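Enquirer: With these hints in hand, go ahead and build the complete structure from the sequences.
Protein chains in written order, with the working numbering: chain B, 203 to 719; chain Z, 4 to 378.
Because the hints were derived from the structure by calculation, they are not lab data. Bear in mind that the values here come from a model prediction, so they are computed numbers and not experimental data. One should not assume that every hint holds.
Stated by the list, open to error - Here are the in silico distance ranges between beta carbons for each label pair:
#: 1; chain 1: B; residue 1: PHE296; chain 2: Z; residue 2: LEU20; range: 53 to 63 Å
#: 2; chain 1: B; residue 1: GLY570; chain 2: Z; residue 2: PRO192; range: 29 to 39 Å
#: 3; chain 1: Z; residue 1: SER326; chain 2: B; residue 2: GLY511; range: 53 to 63 Å
Think of the CB as a built atom: it goes at the ideal place given N, C-alpha and C, for glycine as much as any other residue.
Take a look at the letters that make up each chain.
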Amino acid sequence: MTPAMLRLELVDISKQYPGVRANDGVCLRVEPGRIHAVLGENGAGKSTLMKIVYGVTQPDSGEIRWEGRPVRIAGPEHARALGIAMVFQHFSLFETLTVAENVWLGLDRERSLATVRERIARVAADYGLDLDPERPVHALSVGERQRVEILRALLTRPSLLILDEPTSVLTPQAVDKLFVTLRALAASGCSILYISHKLDEIRTLCDGCTVLRAGRVAGELDPRAATNAELSRLMIGAEPPALARRAQPVGDVALKLAGFSAPSADPHGTPLRDVDLTVRAGEIVGIAGVSGNGQRELFAALSGETLAGASGSITLLGQDITRASPRRRRALGLRLVPEDRLGRATVTTLSLAHNTLLTRTEVVRRTGLFDRPRLHALTQKLLVHFQVKARGSRATAKSLSGGNLQKFIMGREIDAAPRVLVVAQPTWGVDVGASVQIRSELLRLRDAGSALVVISEELDELFEICDCLVVMAAGRVSPRVPIAEAEARKLGEWMSGLWPDAPRDGAASPGAPHAPA
Amino acid sequence: MLRLEPRVEPSRTMAYLSPLLALVLTVLMGAALFLALGKDPVRGLDMFLVEPLASWRALGELSIKATPLILVALGLSVAFRSNVWNIGAEGQFILGSVFATRVALMATPSSTPSLFVLALLAGVAGGMLWGGIVAWLRDRFSANEILVSLMLVYVAEALLSYLVSGPWKDPHGYNFPQTATFLDAARVPPLVAGSRANVGLPLALVLAGLGWVFVNRTYAGYKLEVGGLAPLAARYAGFSSRSALWTAFLVSGGLAGLAGALEVTGPDGQLTTHVPLGYGFAAIIVAFVGRLSPLGVIFSAVLMSMFYIGGEMSQSRLGLPKSLTGVFQGLLLFALLTCDTLIGYRLRFSRERSLGASRLPSALAARTAAASREG
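Expert: What follows is the structure in structure tokens.
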């Protein structure tokens, strides 16, 4: 191929940020109609590189060639004018607006909202992205919000589509469907830059792959001809450590929901219906399912943040906690890690030490003052013990990368030795190295005799760490399946609410529109 | 070419330097303003920046203006930090002065000389009551606290005017709308005999110090701040937003009430319709210029008071309108907001010429190409 035929070519791109060289002489070539992967750990420079392509930041040196001609991409608007669309890992949606209005904002003004709504419905159907254009974004789960972003990008009919970790919130069936879509898109001539850390996906989907490590290109290869081990060696410089799992006898019932029903705090949410769930000490129970099927409500019920209108019971270590406050539950040994790291599990503008104080009240003295030296020492200990890369306990939460922040949050809760730990999306958007570390911490906590509930949309992850699985669909919870008997295909069907002897009554209720096809 | 580059972390140095830089800019713009008005800029600035500090008498005057501003802004900064918008400190200030007056009017020549302490406490209670009404309406009926607190200012003004022209009117006051002058026992003692400055100033400074400890070192202050910065994180942690609401209104209302009580039992010595001077509203600016920090509001309150006095002097001596005070306060706020950009961004001087000119045609060409592709 001659360079003139390339859709996009990056030559020797470098970008220096204060304190870190994010990109160092990176070269990248994307041919028309090809799906090209950019693989790398968090902090390897993938996001910076994509921001440069999308015009969000400017490189310090190097050249961007678009369809053979050197360009300087002035900003996202310019990038879109060139035909580049991007789906960011962090969403930029207005919470108070509906799906259609959000999509409308990114489009030319001359289109009417009604035509946008129509196009959304059509494109959504074409690509299997199940969405109601009239729902406000604040009522959507993380997974649903991502679908809005993908949809928004597709509506601009791009000739290069950049996707940043797009599959982390999809069911296996939906991933397959997305891949069909992406292949069709590629076949129609659109190039795709696919950013991911999921080796299997890259090997199935992509026909080229550039591996980044610490801002440099570590290798360029055809992923279809490579093994996972080769890819991960290039990416992290070593093979990922295998998780040590061993069987162990389970203990007493630690957490039990019996006939638990609760309305959703959000008018578009999914109410919990007659949930039965038992978790014993020394086991990890995974909750699989597509987001928006009651996972948020289940988490809220367990955390005690919303108590209104609940029926049934929640028992923690033999004590009824159905009406207990979040602090009471924490005092009894129940700790939780929510899926929203920024703004919920942490306060972004406060220091890590002050974020430690959010759930670790042992440093508060009787006088009501808190013990600052102890707080900083505790934070420092968490940073060291859980290998969090940060500038110290005074660094703000938002200065950390996603993976490091999640390690910090998990560390904060795990270090408190909880009897029961509930984690939502433990490794969402987290790189391989940090994911492995987080999962092994979860296993260690289980081996120490704690009971764990992991709510995740990544089946691979659940298979890797759980002892048994349940599936959530339309606010109900399926029977338990021991991990040895679990099977991705079957679970995928269950995600549509089709498990044996599932109640048929509510299957068509309006609260349950999110079953994947 | 000059451009702004985001910093990795907000600069601590600039956070402290920015108010100073803003002051320098205010001085420069003020000088230009005096020149434009045909007045001697040195003499004009002297009135705003030097004379208010030049003598004991001037400092006493300054303290009388700064004390209520410190107290009210202190309470407001606690409320604003927890994302509770109390705009009605003026009303709480008035209720404080009304409650204090009720106690002060009970004084007899044989009263204990510390009766003023009771009057001050009554003032705190009055402010808390007025703030508490807002908190209750918000808590019980989800009423908008900005509107309710603001509207209660007008209710408070009507109440004040009813009291001083009705039941509490001084029978020997030639029918002016004012109460009798308080007896000495009901008045706050001067700091030094003969000075206008009174013990309100050290009280305000001590409370500001306690406020700093509350905000920066106590768990309760931390909970309020988390509630303000990230309501979802506060819910996750189990901090009650109701208690944050009540704390914010009771603290800010109580402190505004104390300021009102000090005003009537201090320099005024009686309740009149002229007691509310707008400190409750000015304190909103003071709180923000002081970066919602209990120690910061001391400096910003002093600065704002200097502008009050400077405005009065330039009116009597230079024949300039009194609204110059507002102009200076506005310039300061404006300059501060501008300089605050430097906390999050750094200035970079780069030699690289703007590529705007050469870039535009290609962008246009690309857009046309995109349009034709779409069509």
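Enquirer: With reference to the structure, classify each hint as holding or not holding.
Expert: Here is how each hint holds up against the structure:
1. PHE296/B <-> LEU20/Z: 53 to 63 Å: At roughly 35 Å between Cβ atoms, LEU20/Z and PHE296/B fall outside 53 to 63 Å, so the hint is violated.
2. GLY570/B <-> PRO192/Z: 29 to 39 Å: holds, 32 Å
3. SER326/Z <-> GLY511/B: 53 to 63 Å: Because 56 Å falls inside the window, the suggested range holds.
In this structure, only the earlier hint numbered 1 is contradicted, and the remaining ones agree with it.
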